[in-house]
Amino acid sequence: MAAQIFSAIFVILVGVGGCVAYFWGANKLLDIVFPSRGVTGAAAVDNLRRQGFIRPWLFVGPALLILTVYLIYPVVETLRLSFMDRGGTGFVGFANYEWALGDREFRNSILNNVLWLAVVPAACTFLGLVIAVLTDRIWWGTIAKSLIFLPLAISFVGASVIWKFIYEYRGDGQVQIGILNAIVQFFGGAPQVWISIPFWNNFFLMIILIWIQTGFAMVILSSALRGIPEETLEAAVIDGANPFQIFWKIMIPQIWGTIAVVWTTITILVLKVFDIVLTMTNGQWNSQVLANLMFDWMFRGGGDFGRGATIAIVIMIAVVPIMIWNIRQANRETGGH
Amino acid sequence: MATGKSFLGRFGVHLAVLVFVVIWTIPTLGILVSSLRDKDQIVASGWWNSVVSSSQTEAGRLPPASAQVEKDGKFFLEGNIFGDGPVRSISAFGVRSAAPTQYEAGVVADLGEGVTLQLNADGSFAMASPKAFEGERGQRVYFASSAPPRFTTENYETVLFSEGIGRSFMNSLTVTIPATVIPILIAAFAAYALAWMRFPGRALLIAVIIGLLVVPLQMSLIPLLKLYNGVGVFFGVPVKTYLGIWLAHTGFGLPFAIYLLRSYIAGLPREVMESARIDGASDFEIFVKIVLPLSFPVLASFAIFQFLWVWNDLLVAMVFLGTEADQIVLTAKLNALLGSRGGDWEILTTSAFITIIVPLIVFFSLQRYFVRGLLAGSVKGG
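Protein sequence lines correspond, in order, to chains A and B.
Following the numbering used here, the numbering of the first sequence begins with 4 at its first residue and continues without gaps.
Following the numbering used here, the numbering of the second sequence begins with 38 at its first residue and continues without gaps.
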């Protein structure tokens, strides 16, 4: 254990130190090669200009390099691999895509992903909005928000264990230690193996993600709600609007942009959902999703990179519209400069 | 606000929020309570009953006829039903499975033909008969027992030191700390350049970074796996290393880091930087002496994000790190335990609680920065 701690501290120092050393050293080097102090006249101006030309690249250089290796190159490479065979060496055209269309598990994953996309973002946004509105009017709202927000800090694996314990099944008539089956049995129902009921088990897995993400939606929407000018609400009250009219006709339209942001953020998260399915069912009982299927194909039978890449591309295609919308939005905000 | 004026309305709001809070808290409470319970009690009763004695109906067998003692022409069998096992408190007993609690503890039960059986609350029993007992199997006895609630930290000792969770905890720290610090450094420099320095291709770079914000991790896995394998073979180095996963987490965290830091740094007052520049400070000096200190809140926000994201990550760890004891991180270990110790809830609940305790501490102590980052990251961005 002591050796582990020591080597951990050592590698941490090396990693972080190397990073600091680069930035400090590179800038120092630039100052030495093209000095702007201690020289006069045209030489100083020249060197300042050269520094101004090179220094931005010293600053963005490492970021650019890492982004290229870890994100930009892989996107291109994954696209290429999706047209290759399992080892990634022979060109197979659209064979992987044809395989996907005909594969029972892939089609099941697509269906489940659509289900997740339809339910989770909507549920999180709706619940988050309701809780945000309610907690804004009580004195212990901050504490309540903290507690509902808390699952956001918990890992998907941790959350899966937590919920697996809730769904725990014991035979009919036995003492139930899973709270859900205990409640069912208390009301006279028969206990169920919740996560192995095809189709419905999807919803029991979705509940986990909703439990985690509602706090996210709540915090963002709560802050947007507080940004609504007091005067508009007061004017509505004076005009005799009831609480529901205020909510639907005044509040919702004003925070529409924020709702869209929350929705798309959770949508992207849902497309990538992997840990929950892996740990709860590993795709059994028709609960497979794309991200887990892809992980499966990366290693199944020594790994099939072609099929894995194809599934990744399918996930990517679903993200592209959101990506384009984001870039447009950002360009408009910065005025295109 | 218009609502909440009537008593009923206000009461309804309180009640509704209370219901939400209870639903959202109970799952975590369940594993916290269970992790502190005696492992036999976890399976004997639901955790919500953990503060009351857990009662159950058990079955036992008295000793066979060979253990009988003859006294005054009568035959006796005596002893304790629990033997060497832990003592429970018996409330009732019976000899037929259809009526397991027919007699109260301590009562002398008449079993017919002059045979009597007395079973006391502490488990001691006395059976008497005018005729000699026969047979190799003793009398079957049913009884309702209850054990007092028992809370313990034994489970924590077990998982930390025998199940390898302690080691994994260290591994998680080894992965998380550099994977949090490195991207901050790299992103801060890049963010400053993108916000305050003029160079060709800047606008394009910003657009690319915003585009990369949403690229799914899945797109990177296979090419990087191939790349790492290639590098490993070419240089004859191990494929799965801590350096490899730090860089991977740095790469995956960079778009958000640059995006978040850039929008903050771009909002810093121009005058401060101009005046420093007039005083002859270079960009590097401005960055280190002015921008970094001023950006502390946003750096803290991102640090919390990245820390939570790396600590909680399973996918990247499963692809880029090994599953041996010296590399397996908490999330991967927990996933492995779900497979190997599926029904052992004392192990699973305790391990799960250990994996979530660090994020919870970080979260509660730095919630302000976390929320600020969340708002800056999503509301402005869209």
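Just so you know, these hints were derived from the structure itself, not from any lab.
Hints may contain errors.
[To be verified] Listed below are the simulated DSSO-like cross-link pairs for lysine-lysine, each with C-alpha atoms no more than 27 Å apart in a straight line:
1) B/LYS263 / B/LYS277
2) A/LYS275 / B/LYS108
3) A/LYS275 / B/LYS326
4) B/LYS326 / B/LYS277
5) A/LYS31 / B/LYS326
Do the hints match the structure? See the list:
Our distance criterion of 27 Å between C-alpha atoms is met by B/LYS263 and B/LYS277, whose separation comes to about 12 Å. In summary, the hint linking A/LYS275 to B/LYS108 is not supported, as the alpha carbons are separated by about 78 Å, beyond the 27 Å threshold. Pair hint A/LYS275 plus B/LYS326 does not hold up; C-alpha atoms about 40 Å apart against a cutoff of 27 Å. The straight-line distance between the Cα atoms of B/LYS326 and B/LYS277 is roughly 38 Å, outside the 27 Å bound, and the hint therefore fails.
Of the pairs offered as hints, the one joining A/LYS31 and B/LYS326 holds, with about 15 Å between alpha carbons and a cut-off of 27 Å not exceeded.
Going through the hint list in order, the structure does not satisfy hints 2, 3 and 4.
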